[in-house]
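Novice: Counting in our numbering, the sequence shown runs from 99 upward without gaps.
None of these hints come from the bench; they were simulated from the model.
Predicted model only: the values in this text are computed from it and were never measured.
From the three backbone atoms N, C-alpha and C, an ideal C-beta is built for every residue, glycine too.
A couple of the hints might just be wrong.
[Said to hold, decoys possible] Keeping only pairs whose Cα atoms sit at most 25 Å apart, straight-line, the calculated SDA-like set for lysine to any residue is:
1) 438 to 394
2) 486 to 521
3) 413 to 596
4) 637 to 706
5) 788 to 664
6) 456 to 475
7) 662 to 643
8) 662 to 638
9) 413 to 439
10) 173 to 290
11) 402 to 415
12) 487 to 456
13) 852 to 706
14) 469 to 436
15) 788 to 897
16) 595 to 578
17) 637 to 541
18) 600 to 568
19) 576 to 540
20) 521 to 821
21) 904 to 308
22) 390 to 337
23) 438 to 398
24) 521 to 603
25) 486 to 529
26) 487 to 521
27) 637 to 879
28) 451 to 373
29) 390 to 334
30) 664 to 879
31) 601 to 630
32) 487 to 415
33) 486 to 525
34) 576 to 356
35) 438 to 363
36) 487 to 602
37) 487 to 474
[What the hints assert, rightly or not] For each label pair, taking beta carbons as the anchor points, the in silico distance ranges come out as:
38) 173 to 351: 50 to 60 Å
39) 890 to 170: 20 to 30 Å
40) 710 to 543: 43 to 53 Å
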Amino acid sequence: MMNGKTIVSKRTYAGLFMVTLATLMYEIILTRIFSVTLWYHFAFMAISIAMLGMTTGAIIVYLFPLFFTVENSKKHLAISALLFSISIILSFMTHISVPFEFSLSVINILSLSLTCIAITVSFIFSGICVCLALTKFPGQISKLYAADLAGAAIGCLLLIYVLGLTDGPTTIFVIALMASIGALLFATDSGSYKISLSISILIALLAIFIVVNTVMVNDQRQLIRLKYVKGSIEETPIYEKWNSFSRIKITGVPDELVKPFGWGLSSVYPNTRTANQLFLNIDANAATILTKYNNDINSVEYLKYDVTNIAHYLKNDANILVVGTGGGRDILSALAFNQKSVTGVEINGDIIKAVNQKFGDFTGHLDRNPKVTFINDEARSYITRQDKKFDIIQVSLIDTWAATGAGAFVLTENSLYTVEAWKVFLEHLTPDGVLSFSRWYRQSNPVEMLRLTSLASAALTNFGINDPRNHIIIIKSKGIESGTNDSIGIGTLILSKAPFSKKDISIIEDVAARMKFGVVLSPVFSLNQNFAAVASADKSFINQFPENISATTDDNPFFFQVMKVKDLFSMKFWNPENVLKRMKTNRPIFVICTLFIAVLILSALCIIVPLFLTSKKENLKGTHALFFYFGSIGFGFMHIEISQMQRLIIFLGHPAYSLSVVLFSLLLSSGIGSYFTWKLGNPDMVKKAKTLILFLLCALVIFGGLTPFAIRNFSSSTTPVRIFIAILMLCPIGVFMGMAFPIGMKLSSTESPKLMPWLWGINGATSVCASVLAVIISLTLGITISFWLGFVFYLVSFISFMITSKRVIQKSL
Numbered sequence: 099m100m101n102g103k104t105i106v107s108k109r110t111y112a113g114l115f116m117v118t119l120a121t122l123m124y125e126i127i128l129t130r131i132f133s134v135t136l137w138y139h140f141a142f143m144a145i146s147i148a149m150l151g152m153t154t155g156a157i158i159v160y161l162f163p164l165f166f167t168v169e170n171s172k173k174h175l176a177i178s179a180l181l182f183s184i185s186i187i188l189s190f191m192t193h194i195s196v197p198f199e200f201s202l203s204v205i206n207i208l209s210l211s212l213t214c215i216a217i218t219v220s221f222i223f224s225g226i227c228v229c230l231a232l233t234k235f236p237g238q239i240s241k242l243y244a245a246d247l248a249g250a251a252i253g254c255l256l257l258i259y260v261l262g263l264t265d266g267p268t269t270i271f272v273i274a275l276m277a278s279i280g281a282l283l284f285a286t287d288s289g290s291y292k293i294s295l296s297i298s299i300l301i302a303l304l305a306i307f308i309v310v311n312t313v314m315v316n317d318q319r320q321l322i323r324l325k326y327v328k329g330s331i332e333e334t335p336i337y338e339k340w341n342s343f344s345r346i347k348i349t350g351v352p353d354e355l356v357k358p359f360g361w362g363l364s365s366v367y368p369n370t371r372t373a374n375q376l377f378l379n380i381d382a383n384a385a386t387i388l389t390k391y392n393n394d395i396n397s398v399e400y401l402k403y404d405v406t407n408i409a410h411y412l413k414n415d416a417n418i419l420v421v422g423t424g425g426g427r428d429i430l431s432a433l434a435f436n437q438k439s440v441t442g443v444e445i446n447g448d449i450i451k452a453v454n455q456k457f458g459d460f461t462g463h464l465d466r467n468p469k470v471t472f473i474n475d476e477a478r479s480y481i482t483r484q485d486k487k488f489d490i491i492q493v494s495l496i497d498t499w500a501a502t503g504a505g506a507f508v509l510t511e512n513s514l515y516t517v518e519a520w521k522v523f524l525e526h527l528t529p530d531g532v533l534s535f536s537r538w539y540r541q542s543n544p545v546e547m548l549r550l551t552s553l554a555s556a557a558l559t560n561f562g563i564n565d566p567r568n569h570i571i572i573i574k575s576k577g578i579e580s581g582t583n584d585s586i587g588i589g590t591l592i593l594s595k596a597p598f599s600k601k602d603i604s605i606i607e608d609v610a611a612r613m614k615f616g617v618v619l620s621p622v623f624s625l626n627q628n629f630a631a632v633a634s635a636d637k638s639f640i641n642q643f644p645e646n647i648s649a650t651t652d653d654n655p656f657f658f659q660v661m662k663v664k665d666l667f668s669m670k671f672w673n674p675e676n677v678l679k680r681m682k683t684n685r686p687i688f689v690i691c692t693l694f695i696a697v698l699i700l701s702a703l704c705i706i707v708p709l710f711l712t713s714k715k716e717n718l719k720g721t722h723a724l725f726f727y728f729g730s731i732g733f734g735f736m737h738i739e740i741s742q743m744q745r746l747i748i749f750l751g752h753p754a755y756s757l758s759v760v761l762f763s764l765l766l767s768s769g770i771g772s773y774f775t776w777k778l779g780n781p782d783m784v785k786k787a788k789t790l791i792l793f794l795l796c797a798l799v800i801f802g803g804l805t806p807f808a809i810r811n812f813s814s815s816t817t818p819v820r821i822f823i824a825i826l827m828l829c830p831i832g833v834f835m836g837m838a839f840p841i842g843m844k845l846s847s848t849e850s851p852k853l854m855p856w857l858w859g860i861n862g863a864t865s866v867c868a869s870v871l872a873v874i875i876s877l878t879l880g881i882t883i884s885f886w887l888g889f890v891f892y893l894v895s896f897i898s899f900m901i902t903s904k905r906v907i908q909k910s911l
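Using the sequences plus the hints, can you model the full thing?
Specialist: Following this line, the structure appears as structure tokens:
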């Protein structure tokens, strides 16, 4: 008969490693798939579904102790891992077979519910498996939890590698294969021949499918594709490529002549002129254009008629920096204006390869043009490390709406829209250089351009300029009708390092008149007094404006979230005539607030329901402190993890680093910390554990304070140095945070061993809530506040530990 001191075999450790590896990979790939099939803000929902499902699995183990006995644990480990593997495939197939649009119709609510239920079931099986491993062998909890976290950490790296070889749907089957291998390890450990044989057959079938479909993916003939995207059947692309932070898709007919596409194209451009163009789509939402080019500048003359390129009229023979090259449109613009040189910085290497290699013959191999330099890097990070100054820095409609593996509110483009980022841009302009930012301009409420103006004014003021309005010009295109008395066009804000001269203003006004663009703001004119007030840094006006148009900072970089969260609590806001419109225009806020309410209710049920269903209420006596301990470390861990991830992704500069550096380092170091606690035991466990938790609190204070300092002082360092600094900021706190859970489990195995699955569930339930709450706190109060709230939760855990440990000591006397 097994007990807490049973020696766990290596296959159990390896099986747990594989299951948690598959679990994290599935959680992250779902954020990628949701970003494509739904919207980027729904991607965050995948994280909550995963954690809630695992919590439910733990509660099931707690509620059925006679079924999940110690004696049959290894068999149930194998079965639950096998069911996890199978349900991964079934839940994915369910999701891609069900269309969903963002509306309150019954059909759409049912569609989303079906997806959520199917995916939750798969994570329930994972939760059962992990909970059994962590609670049925309490004597080995430190090593088992270390294997758990190590598996999750390696899963971060493996997902990046797999997506480099194949596509998203095939990756689902790779993840199912990983879970099946874990199931096989458990099955052989339990001595069940029939289960082992069944799993072996499944592994063989999955491996064959993965190899065959990967070959077909490389030929763009994959067997399984995403069917419904944003509620509609997706057009079959001529090229598709996935990575850990995007899916690019190219569509169109290469030989078809069409009217040149331009978001801000002037109405005076002749309709008779045509071009060959293809559409490159990122996560089925953000688009860019590939244009056929044969080194004939006249063929791209239409680019001179686009409002996004109006800054080129101010500078001749200039050195240009393009942020976000996309399909090469802004590169072609610089060539059309015969500028001296153009450096294009593109964060997505797959886009560069598609433009210059896969479709290089179509685009004219822009990378071979002596005037052109392509850089695969995050623009802000790249510019920070450069000594070169530019005459024009151009940023046109950079908004991928793509969720990274770190979650939907860690978006790379947000790091370009902060006061600190614009300070970097200003520092890398020539004395009379200009920064050009283009955004959407809605005639009835140009809130994006107002916020951009606020950002420009704050950046200039921060740069030491006292009269910011003299450095700002805004021009808008005519726009496309989008409703009664409303239109949507493009606005371009030009920010000059030096005050605009009369000649500069005259040139812009002349071009605007010829192109039938509208001047919104200049040093001598304001079409709208709102822009004049914002450009003049009128804080009273900015604070009283209905939407949040304050300048974004690195501590609160959510530029595109203009809705004030406090408005959700206003009765006027919920007016039936306007609420649906507001839900559509403020989807992210509605989604995350609705999600928070949902997970709060479901998590509460996961905690409370077992209390009513348990038959032995005396088991719960004196466990309140344990409840608060596991709950607070769940809240604390997620707040620290998410806030550090949000801070460091800006510092590291590339979204892939959110997985390969930040999440990997934090999980692996936490696993190491867990392993270090395996020797903790009576009689000195309480004393040593108290010291370790105090060290955790000290580490949070030290590295919480050092992180902003490190970011400021090492942002211009090389990538290896920045990665080293990030790891240095993460690993010490990760090691000590990893100790907290096994310490609690060791304590509960002494105090209330039968409650261990429930306590594990409490930790999971609070982690679910914290994963959403941390983002809400960051959105409203800032990332720093979110981090220190995590510290407060760990402080609560220390107090709870002291209360529980006193009870343990008294019982031992």
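Novice: The structure should be examined with respect to each hint, and the outcome stated for every one.
Specialist: How the hints compare with the structure:
Proposed proximity of residue 438 and residue 394 is supported: the alpha carbons are some 17 Å apart, at most 25 Å. Distance restraint check for residue 486 and residue 521: the Cα-Cα separation of roughly 15 Å lies within the 25 Å cut-off, and the hinted pair is therefore satisfied. Restraint check for residue 413 and residue 596: satisfied, since their Cα atoms lie roughly 14 Å apart, inside the 25 Å limit. At most 25 Å may separate the alpha-carbon atoms for a hinted pair to count; residue 637 and residue 706 exceed this at roughly 47 Å.
Only pairs whose Cα atoms come within 25 Å are accepted, and residue 788 paired with residue 664 is rejected, the gap being roughly 40 Å. Restraint check for residue 456 and residue 475: the C-alpha separation of about 20 Å stays at or below 25 Å, so the hint holds. Annotation: proposed proximity of residue 662 to residue 643 holds, straight-line Cα distance about 10 Å (limit 25 Å). Restraint check for residue 662 and residue 638: satisfied, since their Cα atoms lie roughly 16 Å apart, inside the 25 Å limit.
Under the criterion of a C-alpha separation no larger than 25 Å, the hint pairing residue 413 with residue 439 is consistent with the structure, at around 12 Å. Distance check on the hinted pair: residue 173 and residue 290 sit about 7 Å apart at the alpha-carbon level, within 25 Å; holds. Taking the CA atoms of residue 402 and residue 415, the gap is about 15 Å. The hint holds against a cut of 25 Å. Restraint check: the Cα-Cα separation between residue 487 and residue 456 comes to about 32 Å, which exceeds 25 Å; the hinted pair is violated.
Restraint check: the Cα-Cα separation between residue 852 and residue 706 comes to about 16 Å, which is no more than 25 Å; the hinted pair holds. Proximity of residue 469 to residue 436 is assessed by CA-CA distance (about 10 Å); at most 25 Å being required, the pair is judged to hold. Restraint check for residue 788 and residue 897: satisfied, since their Cα atoms lie roughly 10 Å apart, inside the 25 Å limit. The hinted pair formed by residue 595 and residue 578 fails the criterion: a straight-line CA distance of about 32 Å is larger than 25 Å.
Restraint check for residue 637 and residue 541: satisfied, since their Cα atoms lie roughly 23 Å apart, inside the 25 Å limit. For the hint pairing residue 600 with residue 568, the CA-to-CA distance comes to about 11 Å; that is within 25 Å, so the pair holds. The suggested pairing of residue 576 with residue 540 holds, with an alpha-carbon distance near 10 Å, which does not exceed 25 Å. Taken as a hint, the residue 521 and residue 821 pair is honoured in the structure, with Cα atoms around 23 Å apart against an allowance of 25 Å.
Among the hinted pairs, residue 904 with residue 308 is inconsistent with the structure: their alpha-carbon atoms are about 55 Å apart, more than 25 Å. Restraint check: the Cα-Cα separation between residue 390 and residue 337 comes to about 16 Å, which is no more than 25 Å; the hinted pair holds. Distance check on the hinted pair: residue 438 and residue 398 sit about 17 Å apart at the alpha-carbon level, within 25 Å; holds. With a C-alpha separation of about 24 Å, the suggested pair residue 521 and residue 603 falls inside the 25 Å cut-off, and the hint holds.
Proximity of residue 486 to residue 529 is assessed by CA-CA distance (about 12 Å); at most 25 Å being required, the pair is judged to hold. Only pairs whose Cα atoms come within 25 Å are accepted, and residue 487 paired with residue 521 is accepted, the gap being roughly 13 Å. With a CA separation close to 18 Å, the supplied pair residue 637 and residue 879 stays within the 25 Å bound. Taking the CA atoms of residue 451 and residue 373, the gap is near 22 Å; set against the 25 Å cutoff, the hint holds.
Of the supplied pair hints, the one linking residue 390 and residue 334 holds, its CA atoms being roughly 21 Å apart against a limit of 25 Å. For the suggested pair residue 664 and residue 879, the alpha carbons sit about 12 Å apart, so the restraint of at most 25 Å is met. With a CA separation close to 21 Å, the supplied pair residue 601 and residue 630 stays within the 25 Å bound. For the given pair, residue 487 sits about 14 Å from residue 415 by alpha-carbon distance, which is consistent with the 25 Å threshold.
Among the hinted pairs, residue 486 with residue 525 is consistent with the structure: their alpha-carbon atoms are about 10 Å apart, no more than 25 Å. Among the hinted pairs, residue 576 with residue 356 is consistent with the structure: their alpha-carbon atoms are about 21 Å apart, no more than 25 Å. A C-alpha spacing of about 24 Å is found between residue 438 and residue 363, which places the hinted pair at or below 25 Å, so the restraint holds. Of the supplied pair hints, the one linking residue 487 and residue 602 holds, its CA atoms being roughly 20 Å apart against a limit of 25 Å.
A C-alpha spacing of about 19 Å is found between residue 487 and residue 474, which places the hinted pair at or below 25 Å, so the restraint holds. With their beta carbons about 57 Å apart, residue 173 and residue 351 fall inside the hinted range of 50 to 60 Å. Look at residue 890 against residue 170: about 42 Å separates their beta carbons, and that is not inside 20 to 30 Å. Look at residue 710 against residue 543: about 50 Å separates their beta carbons, and that is inside 43 to 53 Å.
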